[in-house]
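Q: Residue numbers (my numbering), protein chains in the order written: chain A, 24 to 384; chain B, 24 to 384; chain C, 24 to 384; chain D, 24 to 384.
No lab work stands behind these hints: they were computed from the structure. Mixed in with the good hints there might be a few duds.
Any copy will do: because identical chains look the same in the list, a pair fits if it lies in one copy or spans two.
Stated by the list, open to error - Result set (SDA-like, lysine to any residue): computed pairs, CA atoms no more than 20 Å apart in a straight line:
| # | residue 1 | residue 2 |
| --- | --- | --- |
| 1 | K27 | A170 |
| 2 | K27 | D143 |
| 3 | K230 | E173 |
| 4 | K142 | F279 |
There are 4 protein chains.
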Amino acid sequence: MKKKSRFLQTPIEPFAVEAGLTADEILSRMERISFQGRSLATAHRIWRRMLEDDVTIFMGMAGALSAGGLRMIVAHLITHRYIDCLVSTGANLYHDLHETRGQHHYLGSPHADDALLAKDRIDRVYDTFASEEEFIGNDNWIADFAASLEPRPYTSREFLHRLGGHLWETTGRDGILTSAYRANVPIFCPAIADSSIGMGLSQARQKVPGTGYIDIIGDVVESANIVIRRPRTASVVLGGGTPKNFINQATVQAEFFSDDVGGHRYALQVVTDVPQYGGASGSTLEEAQSWGKLATDSARVSVQADATIALPLLASALAHIDPDVLAQRRRPVFTLTSRVMTIDDQPLSCDRFEAQNEPAV
Amino acid sequence: MKKKSRFLQTPIEPFAVEAGLTADEILSRMERISFQGRSLATAHRIWRRMLEDDVTIFMGMAGALSAGGLRMIVAHLITHRYIDCLVSTGANLYHDLHETRGQHHYLGSPHADDALLAKDRIDRVYDTFASEEEFIGNDNWIADFAASLEPRPYTSREFLHRLGGHLWETTGRDGILTSAYRANVPIFCPAIADSSIGMGLSQARQKVPGTGYIDIIGDVVESANIVIRRPRTASVVLGGGTPKNFINQATVQAEFFSDDVGGHRYALQVVTDVPQYGGASGSTLEEAQSWGKLATDSARVSVQADATIALPLLASALAHIDPDVLAQRRRPVFTLTSRVMTIDDQPLSCDRFEAQNEPAV
Amino acid sequence: MKKKSRFLQTPIEPFAVEAGLTADEILSRMERISFQGRSLATAHRIWRRMLEDDVTIFMGMAGALSAGGLRMIVAHLITHRYIDCLVSTGANLYHDLHETRGQHHYLGSPHADDALLAKDRIDRVYDTFASEEEFIGNDNWIADFAASLEPRPYTSREFLHRLGGHLWETTGRDGILTSAYRANVPIFCPAIADSSIGMGLSQARQKVPGTGYIDIIGDVVESANIVIRRPRTASVVLGGGTPKNFINQATVQAEFFSDDVGGHRYALQVVTDVPQYGGASGSTLEEAQSWGKLATDSARVSVQADATIALPLLASALAHIDPDVLAQRRRPVFTLTSRVMTIDDQPLSCDRFEAQNEPAV
Amino acid sequence: MKKKSRFLQTPIEPFAVEAGLTADEILSRMERISFQGRSLATAHRIWRRMLEDDVTIFMGMAGALSAGGLRMIVAHLITHRYIDCLVSTGANLYHDLHETRGQHHYLGSPHADDALLAKDRIDRVYDTFASEEEFIGNDNWIADFAASLEPRPYTSREFLHRLGGHLWETTGRDGILTSAYRANVPIFCPAIADSSIGMGLSQARQKVPGTGYIDIIGDVVESANIVIRRPRTASVVLGGGTPKNFINQATVQAEFFSDDVGGHRYALQVVTDVPQYGGASGSTLEEAQSWGKLATDSARVSVQADATIALPLLASALAHIDPDVLAQRRRPVFTLTSRVMTIDDQPLSCDRFEAQNEPAV
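Bound-form chain A, shown alone (with noise of 0.2 Å):
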């Protein structure tokens, strides 16, 4: 009998339908098809491979993924620390703010007629609507507390920590915020002025003179140390846009300054862009290696999805991972209430770069 090309060893195995399946069950049975259904099975695997190893994982969110329903899976990730730190869209924090603060956004249409909603002052978002009164109201309350604070410069990681704080304590509420203030996750958002966090910042300071800075070039230094303690990363991107990027920066930078760190060990991106056309957001996490950003025997997949549909399905089943895996990992420890947050009770500088490297492991 003739040998089979050495291209053909596992065969598709065509899902099989029953009911009563858990995502987990799907998505295993999606290991063996192909296309978009195996790459988001693939995505399974690897978060569960990252829980199980040493690395620290990062999540960068972009998309209006808060407004759309996905903010409690976040703050889900945040809590049980399937995430070690986040990197966000200023809107992500925003809408999570805006949902935390009792408010809400509203089932809506993409066929609605927007000079009638600009009329009755509704903002759309594809087929959610949401109270531009509301909106007004939670840039004051942000420029209200904004103001509140000693008129120095923050970095987006306190400035974010200090807010889900003030929001845990008015509110008493689950959300991205306050989860990660709770749970002691630090918050990147590298593109804050371009957001309605930005905009309270900027009234901020309307009322109080001096105040509503915000440091993002110490972002810049302290996630790269973040790294550089930490050599060993994962990166989870959701959508693409600044986060994507700031989040394989900061490996970027960290490697000039230790050898020690060689890229992210395991990537997955869930991304509508595709890398045709340059940008950033679509692009591979192959291109990814050439950069340095991705060790170039990584563990990686592209899923191309919209997240609304592949995060309800790859966290319902990451639940399903065994709570011995998640608590022992040897995730980063961090406080974060002030300008030197700690890393595993070492501080952290947002002004210089540490040389000193922890071994590798």
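Following the hints, complete the assembly by docking chains B, C and D onto the known chain A.
A: Using the frame of chain A, we list chains B, C and D on its own:
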């Protein structure tokens, strides 16, 4: 207290992660989120409504779904009559036949070296591999079968029913073609010439002159006649292509001959194309109303997603439907063994449009 | 001085704006930029090389290009023999016929109210409108013509040549069908049943029993025979769909019967689909090599762009080609008026594959 | 004769191929075709109308446009004041600086082996390569410059103007940064931390403590103040990202402080993202109306295309505009050399919003 805008009725309800959720529970929690997650949940709801109403359900499939591991889902949908009539590209039926004949597609990589694959005679479909030699074997098998038939024109519907029967007798294995044969569900393949089944048919003609004639215009007549007889219809489209238009065309064509026909009452599509380029695959269901393909009051939803993610989830959720619902459907009963098929015991011509209508329900 | 990496050879040359640039000058300046701009410039270069080499050029067109205002470009490409054989969807030929018959498509809006359009019997294609009544007139005109033909099977190639002839005699107007008729360029339409031409053919059968038979399997044989006779081929694909695969299939099929066939020597495609979902429309030209559809050393490029942007630019630039280049092409000479076509004065069967080869050049 | 539907007013006019057409003639012929071709032609028309009206034109650029060969187009648009204010990602300014410093990006391939590239320290952006070593040189150059500045916070606008000046003095070469410096066109970079310019700034801090502070909240205030002073605005967006939102945010923020502000009067965007996933990059200009970002009666168009195709064509066509039209624009006059910029000879704060308005024109 101020009155809310009429646009703010139903709040988004953030997806709550929980271990042990089944597919239908996951989709149910996605009903109140946004974007394509919500669209997928709506697709699930609309499909359920189709099954509870008295409609004839057409399903179209394009894209490499069979090679990609979804063929047993389609077979399951046929066997349990979640659908009443399938319109497919030739490739999907060919790759189904390939596996039903005991062969496989294989896990591959989109980054493979195609020159090496060509040398090894391995054909690649994105991340999936198959043996060219086995494909040639299939072509020959199809050619032999087609050459054995009485030399006259066959609608694709009749030919595929016979092919499914021969495949069942030969292999006794489940698949799309064999399930459709056993469940007496008609399969139309309007672009059958553009596929390896078409190549097989062309080779039949080489073997036995006068064989290998497919009467696709007969398929046009016959599919419209189904709608004339059963004017309440629904459409499930996976991936656009010729099947999407053919299902709609049947309705438009039928309307010339019967006032009872008024466009599909329900329509859902899972597509990756977008409308902005004017192509039929990405065209919206709203646009379809202008053509009379859909009733203007139809329930409808487009899901922008890869079918390899959407269909496993949808089908797993639909598996939770009470078997009584499926049993109580007033589904059409077909016989398909000859040139003149029957529907509900009445013959249905492929040579002229039926003028007589059943009363619309 | 340090040696540059071997990867750094040809610098990007930023596009320099200047008034008065013609299309070919613009594309020439785009050769040294990046992303899809460069791809489009490469497509232009490859098409020029096709014309200078001795290859038979197949062009495939899918998407609503005729309705969308590109039909006279295609007619121009046919008349001046930038291409030698057209493979089209039925819709593109139908919408061409619509305008050649003196009717129009109209500027519309993607934001139109489709229920209102339906009431007015206006059909919408994204941002373009047309009259349903005029479409019904076309269907009837096609039906009358088809019913007037001797009742026997016609390949789509023969039928479309005759249809083009009838249209030319009736209208004397240029268009795709009439230009192809006059230039003796064959048109194949493998999915003709899936279009309003197919609907017209089905209505012919209603008028005169026994008419309206299209032998698409004959098209499979005939198109492969063209490649067997002319093994050096090139492929220009606009929009994917059945034409893309049919052109490739002709090559694969021909290879069974002739060792001279080795896949297209040149290939360019302008598509909006992407490969990640496994569909044929978006599949890469690299993948096509694994199937033998393309020679592994072929010149090839994919342009990710809407044809309504890319084709006007490409065709305007190609218009600058020296007429001698076009005149000196060793292009195939067809006669198309009967069931058996000829190529270079030799008859070409649609009933069996040709075994004899011309020597490969 | 029967009356035409009111929906059928202006016929599609098929594009007529002709040698020697210039960019504006090509776009003019695309006005009466469909889909994205028409959208691009409309974008051209709207940009012309912006230039003829009395509006302040903001342009946003995201994606790898500078690396990809479009930087001299942007420089041209700045120099000739087709735009009045640029909002950019950091990467586009960084890759501009890279070339202005006499270095290059290089033609590469999307199929390159990234592990090999990594070994050679070549960074890949889709089909474009660059030397990592040269990038490190740039970072250091930026760091040295930033470290040489008086240690205080700088808005990105002030910093980038100074950087442009330094670059001009050092190199005397044209580019985006140097042209903007020379033409006194402000550049905002709200996400400057998320780029290699941000990395350079972080390294400045390493060299001279207290340097490398960017006051992005000051940018929020300042950009809104421009709109307060000049409430009639227009928006040209290439590629979405933070620039798209930042330009819109300026308008929304300004509206809090001035009733004269009512959203952009003109808006065009060239994007590759689509709206269906809810992300800001792909969001429609219709949706933008609901937020008050655009006037509900604004002229607007979205072009779904890669900027590397659309921008060369648009800019070449705009080069045909009568120089008098550009000369007669009542364009804002800026001075940008210090923390407090001026517009039309009036100082403009970055520390508090201006309440006084100019009368709306």
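Q: Which holds for K230 with E173 at a C-alpha limit of 20 Å: within a copy, between copies, both or neither?
A: Within one copy only: 13 Å inside a chain, 27 Å across chains, cut-off 20 Å.
Q: Indicate which option fits the pair K27, D143 if close means a Cα-Cα distance not exceeding 20 Å: within, between, both or neither.
A: This pair counts as between: shortest inter-copy Cα distance 10 Å, intra-copy 66 Å.
Q: Within a copy, between copies, both or neither: which one fits K142 and F279 at a CA-CA cutoff of 20 Å?
A: Cα proximity of K142 and F279: across copies only (16 Å, versus 53 Å in one copy).
Q: Up to 20 Å between alpha-carbons, please classify K27 paired with A170: within, between, both or neither.
A: neither (70 Å within a copy, 30 Å between copies)
The earlier numbered hint that this structure contradicts is number 1, and it is the only one.
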